[in-house]
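Colleague: Counting in this note's numbering, the sequence shown runs from 151 upward without gaps.
Everything labelled a hint here was simulated from the structure, so no lab data went into it. C-beta: ideal position from N, C-alpha, C; glycine also. Treat the hints with care, as some may be off.
[As the list claims (entries may be wrong)] BS3-like cross-link-like pairs, simulated, lysine-lysine; straight-line CA separation at most 25 Å:
no.	residue 1	residue 2
1	697	571
2	902	1001
3	154	167
4	1025	1058
5	922	876
6	979	556
7	386	606
8	755	834
9	339	304
10	697	574
11	777	834
12	386	1025
13	755	823
14	218	167
15	791	922
16	714	1058
17	902	922
18	697	606
19	691	571
20	663	675
21	454	514
22	153	218
23	1058	1029
24	343	325
25	346	325
[To be verified] Across the chosen pairs, the derived CB separations fall in these ranges:
no.	residue 1	residue 2	range
26	941	819	48 to 54 Å
27	618	777	56 to 62 Å
28	566	1007	50 to 56 Å
29	512	391	38 to 44 Å
30	975	828	51 to 57 Å
31	563	219	57 to 63 Å
32	777	692	44 to 50 Å
33	845	200	42 to 48 Å
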Amino acid sequence: MDKKRVYTFGNGQAEGKADMRNLLGGKGANLAEMNLIGVPVPPGFTITTEVCSEYYELGRDKVVELLKADVEKAIANIESLMNSKFGDIENPLLVSVRSGARASMPGMMDTILNLGLNDEVVEGLSRKTGRPRFAWDSYRRFVQMYGDVVLGMKPVNKEDIDPFEEIIEKVKEEKGVKLDNELEVEDLKELVKRFKVAVKEQTGQDFPTCAYEQLWGAICAVFRSWMNERAILYRKMEGIPAEWGTAVSVQAMVFGNMGDTSATGVCFSRDAGNGEDLFNGEYLINAQGEDVVAGIRTPQQITKIGSQRWAERAGISEEERIAKYPSMEEAMPEIYKELDALQTKLENHYRDMQDMEFTVQEGKLWFLQTRNGKRTGAAMVKIAMDLLRQGMIDEKTALERCEPNKLDELLHPVFDKKALKEAKVLTRGLPASPGAATGQIVFFADDAAKWAADGKKVVMVRIETSPEDLAGMAVAEGILTARGGMTSHAAVVARGMGKCCVSGAGAINVDYKTRTVEIEGITLKEGDFISLNGTTGEVYKGKVETKAAEVSGDFAALMDLCNKYTKLNVRTNADTPHDAEVARAFGASGIGLCRTEHMFFDAEKIVAMREMILSPDVEGRRKALAKLLPYQKADFKGIFKAMDGCPVNVRLLDPPLHEFVPHDAKGQEEMAKAMGVTVQEIKKRVESLCEHNPMLGHRGCRLGNTYPEITEMQTQAILGAAIELKKEGYDPHPEIMVPLTGILYEFEAQEKVIRDAAAALFEKEGMEIPFKVGTMIEIPRAALTANRIPSRAEYFSFGTNDLTQMTFGYSRDDIASFLPVYLEKKILKVDPFQVLDQNGVGQLIEMAVDKGRSVRPDLKCGICGEHGGEPSSVKFCHKVGLNYVSCSPFRVPIARLAAAQAAVEDMK
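Throw the hints in and build the complete structure from the sequences for me.
Modeller: Listed below in structure tokens is the structure:
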């Protein structure tokens, strides 16, 4: 039997259900589920995600042929439930066609409403409803959407506005009106006429009149939109595989634009910006759903409290608010009561915050969609912890509900309160997505991407955003729009990305042609600085200083919950006391990598360092190292102090020496003067250090073995600092790590230097400090012979940056020249320097851990490459039995959550 491609729903029955999202997409699965639990949903059917793959494999004609009989049967089912006929002139059934992938992708793919209209059907709809304005308004919307989505009517240049909007503005101007809903029937007829002429002129195609031709055009356009530029970019950003495909849901139309007892809206069961447990949303009377999310008309609030808060921010009196901007709770109390009960029912059913779309047609409420709502990092944490406290989910679910990478948003800087007091407020808009953003104004997505690539911080300023702006929004510090509410495209996408956003700032006038924005009489041009407060909706002139965020409240409670379940410790990579303090405040349990080379670049230290490198003999090197010793000791002392009571793993000098020497004439002259030799001698020595492949050259333990005096000095500095602190009452736990070991004998030679230097120091100080000596495993040979090295080494730390480099044979510094092509051609799924290659590099790690522990059962193992803060890599480290991961300070909470999730997943 041929596989099922079409699933119907309606009248309390459905062929699908919530757990079929892989096949029906999120939207299709939830439409089926809402039917089954008694939520009023217009009948329809969903074409599966598998058909999307078939569309790209077999082509349009074959897919239409495969679907034809099932789609016609499903349309007949809608016709019988709605008591109307598709394409009929006297009693027409109109449908909507929407996309729905298994992962939520708000606004990234295409939607078409009011499908089934033509010049005859619109007259029939007008007679049937007795509402000619509604019929023609629906028709002009359909021609506009279909022309854009299916026939490709787009602006020619980025400075141009949408071709349909241009015609609407022209007709409004001729008519002398400001709002779309002030246009009369004859004006709407004129719009349709002009729209069709424009479509023919720009695309060379006549607008289709046959209902089924329209339907197939729309279904195939939705499949095509899976591969549009913005959808591809969004998938790349969110890590959504292209092979998942999108489903297509076709539903009977219900109309929010049938007069004053009709409305449309979007609502959330909790606040998607800050997580507050407060039902909220926006609606428009006598409108269609796209009006709310597209941000063309700024909508009104659903709840009375939401409306009052909005009015307060906008500086509108309570009298004016009630008269002009009443909430749905006040204007449509019966509908509001039903809506409130259903949103509660849906949240309780899914046990998560719901993002819902609804339409009211002549006093009857219909739900068009529900999904787990996109939310900011702060909202994610608050909602998870609130649901836990409210008994709706358990601790393990609360941990799993939080996405580790989204915690990054909570660690972003916030505005300094003192600086805010002095900042000039230009205007206020809606606080659509919290955060603090400062940057230079740009108006177009491609410019934002270019400027950001040049290292500039940008704020995107738009009249309203559309999905085409995604590339710019992704790199911007913040987004400011003149139009649109809290549920507009800009707001929803910004919250999903954790970007600061202020929307609906009506006082701003954007001029794309001159690239300027005028705000309350002040004109700012592209490149001027502006600051946004996404928490209050305030817009400030110029730069406003920021300060670091703190771990407190629900975030701290989540981190405590992580501690309860996690088995994997999280350390940090830190080279300064400040970094160590930051990481400790975020819950790091020690330092997994302290790089000593970063300490040598200060003005005073670099001279002594260069002197040591450029000295022709051991005596000269020892003399220079004696100058470096107190500097190194002071550095280590600060770090051990910041990490008092916790292990600190110090890596001995690793980079090639040529990185420290002066390559410019001025620097070489300074060194010649400092060392009392000729410039020629310095130049000759610098040239002698040059290597063709330095990453595989004279570095790591090879340096320590050829110049053991360097290892000796570093050991004295590390243990000398620990002894001084011990005498002062502190509790240091030093670990000394030999880098780049490939052969046991390399390690043995270095360990002997370390132990001898330690013994001499302990005798001199009359005091001993316990310490461990271990090695970095970053050469494949070391992993393959890992059963030999632990006969001497007390711990392993996997340097996954170099291990990845040497396993793949990719240079980390040069991979950018071919990586984009490899990702595009799917030769690689991800950048292996960002996400650990579990099959290759991971296999070496697992093998090394097993071999190492076969010799030394208590061998402590960790990783300290960039992968230590990447969630899927952290989970792999848990799986293969590592003791810890180590990452940069601001990734510590992310790694802690990923480690706790790994432990919870293990329990299943």
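Colleague: Determine for every hint whether it applies to the structure shown.
Modeller: Now for the hints, and whether the structure bears them out:
no. : hint                   : in the structure
1   : 697 / 571              : holds, 14 Å
2   : 902 / 1001             : holds, 23 Å
3   : 154 / 167              : holds, 15 Å
4   : 1025 / 1058            : holds, 15 Å
5   : 922 / 876              : holds, 17 Å
6   : 979 / 556              : holds, 21 Å
7   : 386 / 606              : holds, 22 Å
8   : 755 / 834              : holds, 22 Å
9   : 339 / 304              : holds, 22 Å
10  : 697 / 574              : holds, 18 Å
11  : 777 / 834              : holds, 24 Å
12  : 386 / 1025             : holds, 21 Å
13  : 755 / 823              : holds, 16 Å
14  : 218 / 167              : holds, 24 Å
15  : 791 / 922              : holds, 18 Å
16  : 714 / 1058             : holds, 16 Å
17  : 902 / 922              : holds, 13 Å
18  : 697 / 606              : holds, 19 Å
19  : 691 / 571              : holds, 13 Å
20  : 663 / 675              : holds, 11 Å
21  : 454 / 514              : holds, 21 Å
22  : 153 / 218              : holds, 14 Å
23  : 1058 / 1029            : holds, 14 Å
24  : 343 / 325              : holds, 16 Å
25  : 346 / 325              : holds, 20 Å
26  : 941 / 819: 48 to 54 Å  : holds, 50 Å
27  : 618 / 777: 56 to 62 Å  : holds, 60 Å
28  : 566 / 1007: 50 to 56 Å : holds, 52 Å
29  : 512 / 391: 38 to 44 Å  : holds, 43 Å
30  : 975 / 828: 51 to 57 Å  : holds, 54 Å
31  : 563 / 219: 57 to 63 Å  : holds, 59 Å
32  : 777 / 692: 44 to 50 Å  : holds, 46 Å
33  : 845 / 200: 42 to 48 Å  : holds, 46 Å
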